[in-house]
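Asker: Please build the complete structure, drawing on both the sequences and the hints.
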Amino acid sequence: MELYYEHKNCMYKVDVEQRSDTWEIHINDKVYQVSASELKDGRIHVTANDLVFRPRVYCNGQNRFVFLNGETYRLKRAVRFSTTHDHVEGEILSPIGGKIVKVFVGEGDIVQKKQDLLIIESMKMEHRVKSPVKGTVMRLRYGEGAIVDTNEVLVDIERDKSTNGQGEW
Amino acid sequence: MFEKVLIANRGEIAVRILTACHELGIRTVAVYSEVDADAPHVRCADESYPLGDPQPLESYLNIDKIITACSEMGVDAVHPGYGFLAENPAFAERCERENITFIGPHSDVIRLMGHKVEAKTSIKKAGVPVIPGYHGGDQHVDALVEEGLQIGFPLLIKAAAGGGGKGMRIVTREEDLKEFIESCKRESGKAFGDDSVFLEKYVDRPRHIEFQILGDHHKKMIHLFERECSIQRRHQKIIEETPSTALDSQLQEKMGEAAVKAAEAVGYTNAGTVEFMVDGNKNFYFLEMNTRLQVEHPVTEFVTGVDLVKWQLRIASGEPLTLEQEQLTQRGHAIECRIYAEDPQNDFLPSTGILNQVELPQGVNIRNDSGIEPGMEVTSYYDPLLAKLTVYAENRGETIQKMIWALSTYVILGVTTNISFLRRVLAHESFRRGDITTHFIQDHENLFLEPEIPDEALIAAALAETLRMTPQTVEAQPVSGVADPYSPWKTAEKWSNV
Chain A
1 MELYYEHKNC MYKVDVEQRS DTWEIHINDK VYQVSASELK DGRIHVTAND LVFRPRVYCN
61 GQNRFVFLNG ETYRLKRAVR FSTTHDHVEG EILSPIGGKI VKVFVGEGDI VQKKQDLLII
121 ESMKMEHRVK SPVKGTVMRL RYGEGAIVDT NEVLVDIERD KSTNGQGEW
Chain L
1 MFEKVLIANR GEIAVRILTA CHELGIRTVA VYSEVDADAP HVRCADESYP LGDPQPLESY
61 LNIDKIITAC SEMGVDAVHP GYGFLAENPA FAERCERENI TFIGPHSDVI RLMGHKVEAK
121 TSIKKAGVPV IPGYHGGDQH VDALVEEGLQ IGFPLLIKAA AGGGGKGMRI VTREEDLKEF
181 IESCKRESGK AFGDDSVFLE KYVDRPRHIE FQILGDHHKK MIHLFERECS IQRRHQKIIE
241 ETPSTALDSQ LQEKMGEAAV KAAEAVGYTN AGTVEFMVDG NKNFYFLEMN TRLQVEHPVT
301 EFVTGVDLVK WQLRIASGEP LTLEQEQLTQ RGHAIECRIY AEDPQNDFLP STGILNQVEL
361 PQGVNIRNDS GIEPGMEVTS YYDPLLAKLT VYAENRGETI QKMIWALSTY VILGVTTNIS
421 FLRRVLAHES FRRGDITTHF IQDHENLFLE PEIPDEALIA AALAETLRMT PQTVEAQPVS
481 GVADPYSPWK TAEKWSNV
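Quick note, the sequences are listed as chains A and L, same order.
Sequential numbering of the first sequence, starting at 1, is according to the numbering used here.
Sequential numbering of the second sequence, starting at 1, is according to the numbering used here.
One or more hints might be untrue.
Stated by the list, open to error - Quick list of in silico lysine to any residue cross-link-like pairs, SDA-like style, CA-CA up to 20 Å:
| hint | chain 1 | residue 1 | chain 2 | residue 2 |
| --- | --- | --- | --- | --- |
| 1 | A | K130 | L | Q345 |
| 2 | A | K113 | A | P132 |
| 3 | A | K40 | L | P374 |
| 4 | L | K190 | A | R128 |
| 5 | A | K99 | L | D279 |
| 6 | A | K130 | L | S183 |
| 7 | A | K130 | L | R186 |
| 8 | A | K134 | A | V101 |
| 9 | L | K124 | L | D279 |
| 10 | A | K30 | L | F180 |
| 11 | A | K76 | L | K178 |
| 12 | A | K99 | L | T379 |
| 13 | L | K190 | L | E72 |
| 14 | L | K190 | A | H127 |
| 15 | A | K76 | L | T466 |
| 16 | A | K8 | A | P95 |
| 17 | A | K113 | L | E179 |
| 18 | A | K130 | L | K178 |
| 19 | L | K190 | A | G143 |
| 20 | A | K30 | A | R19 |
| 21 | A | K102 | L | V358 |
| 22 | L | K190 | A | A146 |
| 23 | A | K8 | L | D343 |
| 24 | A | K114 | A | V101 |
| 25 | A | K114 | L | F180 |
| 26 | A | K13 | L | I453 |
| 27 | A | K13 | L | E465 |
| 28 | A | K99 | L | T466 |
| 29 | A | K40 | L | V358 |
| 30 | A | K113 | A | L140 |
| 31 | A | K99 | L | E465 |
| 32 | A | K76 | L | I453 |
| 33 | L | K178 | A | V105 |
Said to hold, decoys possible - A few chain A residues facing chain L, derived, Cβ under 8 Å:
| hint | residue |
| --- | --- |
| 34 | Y5 |
| 35 | L51 |
| 36 | F67 |
| 37 | I96 |
| 38 | V103 |
| 39 | K124 |
| 40 | H127 |
These aren't lab readings, by the way, just hints derived from the structure by calculation.
No residue lacks a Cβ here, since even glycine has one placed at the ideal position from N, Cα and C.
Answerer: What follows is the structure, given as structure tokens:
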């Protein structure tokens, strides 16, 4: 089984082959012979080649939280490499759930890179959503007062093609 | 002493106050909004009262509802905690009128200290140094812009009714001034119900050091030493400690006296905090006075051995303060870390979600002030503070070591937290040296370098898929960190095949 995870904008492929009660796991060029068992406190006791470790894992939707040696890693399960950037270029996603309290731009406006597009209020704080590129506002999906979730498309922006190079997303 | 107290708050601070009441044999009433119906603070209380709509203005900030709760539940007193109505003079006044003891200073003092202009004037008169700025009543945006230009840049815009950094903006360029004033007004209006702002000269790289004070109704006033609160992000503290490495005994004595003088000048009663800014030359300026219990009060409790919340209750009920200034000492060193649901890698944006696994550090001289538990949802309605971790040891170095270790055993899965980030701050060479200012986090970019993901973590994630089998609907799910239709905590413990 091929599994794909996204962590800090990097994709990782993990190839898992299950034998009766052990696993063979391929990550990049490395091969791990793995055995695992659940501990009473909810951790998994894992032996992978010479490594012995006891992580905790929690899955929620596509999110994977792994607590290991004092660090918590937050991964996202993905389908294939091609889905790393699952938003379409030009779609500005909401970084946080909350209420839109101010919209600075209108459809058809030309915006500069880093220009404020709108403000979302969440947990009594204001968060500014800025344009990642220079371009034209093609569509405003919400108005002031709207409640949005994390990762909802807020604004569609068509990148100004004349400024190639600095228009990276 | 009171027979029954209502706690007009939620989360960890409600739990902290509830337990102090129970220790003193006082019955308690918790209030809760719809989303908090099952929260730990509700279960911890003897009785509870629903406030309905989770919007703060309709629940924990709603004076009428809280007062109705007080009279229906027949309480003698109300403890506001911090935030929400804690520094709202209208609320304190309403309590006074309704014969409910407000556990805090008199409404006149809250009003005076809430009006930063008058506060500074009174404090200055008492002989305590203050910072130049505009604290006038003309709140028209154009007038404020004019005043801002007079003071010059960099300039700080603050919510007059505020605290906790809400609404605060630093302006470095003239062209941003108007926009920032407007945005500060909007944010403070929402958070505090008052959109007045004030402007002040911005001191570059100061330390933020505050003094805890206690005053009773019999004209006794003492201080319980300082708290160093310089480690901040978004102008909000995340790590606090005492003693401060910046103070020698002379400066400590001078500032302590100034704090007591400031509090006496306004007729302060109950627990309060006098905040100072200390510049590189050890000049100190009065910043503001917080007329309430502070988030970071546990560090003071550790080194002085004094239970501040119990004293708040005793003082409010009229008992005399029996602690003597000369007898108070600081013993050892204490550090508090605020555990926030937020993402340091993403501009400290708050993170929402359902908490799955929660495991608090345990050990000698480790204190957890927590209002969370597995299965609880962290919503966007309230502050993202989940819990506080406070540790104590013989000296600063050992306290840092203990905190780093304690944080490494702290498990919260389900939302992104700042736990690893806090650990990197404590481990930083400059922090260990005590070389800290309020700009520490901006000044040390390398704090944001997260470790690369090790193969072990990927193996763990992959095992989770093959062992328990999460719902195989990856394709069908929207890319969203928010709602999960699959009741995760139900499936989370089911490991088949092992």
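Asker: Determine for every hint whether it applies to the structure shown.
Answerer: Results of checking the hints against the structure:
1. K130(A) to Q345(L): holds, 17 Å
2. K113(A) to P132(A): Holds - the C-alpha atoms of P132(A) and K113(A) are around 5 Å apart, at most 20 Å.
3. K40(A) to P374(L): Roughly 17 Å separates the two Cα atoms, so the pair holds.
4. K190(L) to R128(A): holds, 16 Å
5. K99(A) to D279(L): violated, 38 Å
6. K130(A) to S183(L): Judged against 20 Å, a Cα distance of about 15 Å means the pair holds.
7. K130(A) to R186(L): holds, 19 Å
8. K134(A) to V101(A): Violated. K134(A) to V101(A) sits at ~23 Å, over the 20 Å cutoff.
9. K124(L) to D279(L): At roughly 18 Å apart (the allowed maximum being 20 Å), D279(L) and K124(L) satisfy the hint.
10. K30(A) to F180(L): Status violated; Cα separation ~53 Å.
11. K76(A) to K178(L): violated, 41 Å
12. K99(A) to T379(L): holds, 13 Å
13. K190(L) to E72(L): violated, 28 Å
14. K190(L) to H127(A): Given that 20 Å is the threshold and the Cα spacing comes to 14 Å, the pair holds.
15. K76(A) to T466(L): With a Cα-Cα distance of about 16 Å, the restraint between K76(A) and T466(L) holds, given a limit of 20 Å.
16. K8(A) to P95(A): Distance of about 15 Å is within 20 Å: holds.
17. K113(A) to E179(L): At roughly 18 Å apart (the allowed maximum being 20 Å), E179(L) and K113(A) satisfy the hint.
18. K130(A) to K178(L): At roughly 19 Å apart (the allowed maximum being 20 Å), K178(L) and K130(A) satisfy the hint.
19. K190(L) to G143(A): Holds, because 19 Å separates the two Cα atoms, which is no more than 20 Å.
20. K30(A) to R19(A): holds, 18 Å
21. K102(A) to V358(L): violated, 36 Å
22. K190(L) to A146(A): Holds - the C-alpha atoms of A146(A) and K190(L) are around 16 Å apart, at most 20 Å.
23. K8(A) to D343(L): Between K8(A) and D343(L) the Cα gap is close to 12 Å, so the pair holds against 20 Å.
24. K114(A) to V101(A): Within the cut-off at roughly 19 Å; holds.
25. K114(A) to F180(L): holds, 16 Å
26. K13(A) to I453(L): holds, 13 Å
27. K13(A) to E465(L): holds, 14 Å
28. K99(A) to T466(L): violated, 39 Å
29. K40(A) to V358(L): Judged against 20 Å, a Cα distance of about 15 Å means the pair holds.
30. K113(A) to L140(A): holds, 17 Å
31. K99(A) to E465(L): Judged against 20 Å, a Cα distance of about 35 Å means the pair is violated.
32. K76(A) to I453(L): holds, 13 Å
33. K178(L) to V105(A): Judged against 20 Å, a Cα distance of about 18 Å means the pair holds.
34. Y5: The hint holds - Y5(A) has a Cβ within 8 Å of chain L, the shortest such distance being about 6 Å.
35. L51: For L51(A), the interface hint holds, since the closest Cβ of chain L sits about 6 Å away, which is under 8 Å.
36. F67: Constraint on F67(A) satisfied, holds at 5 Å.
37. I96: holds, 5 Å
38. V103: Result: violated, 13 Å to nearest chain L Cβ.
39. K124: For K124(A), the interface hint holds, since the closest Cβ of chain L sits about 5 Å away, which is under 8 Å.
40. H127: holds, 6 Å
The structure fails hints 5, 8, 10, 11, 13, 21, 28, 31, 38 (numbered hints given earlier, in ascending order).
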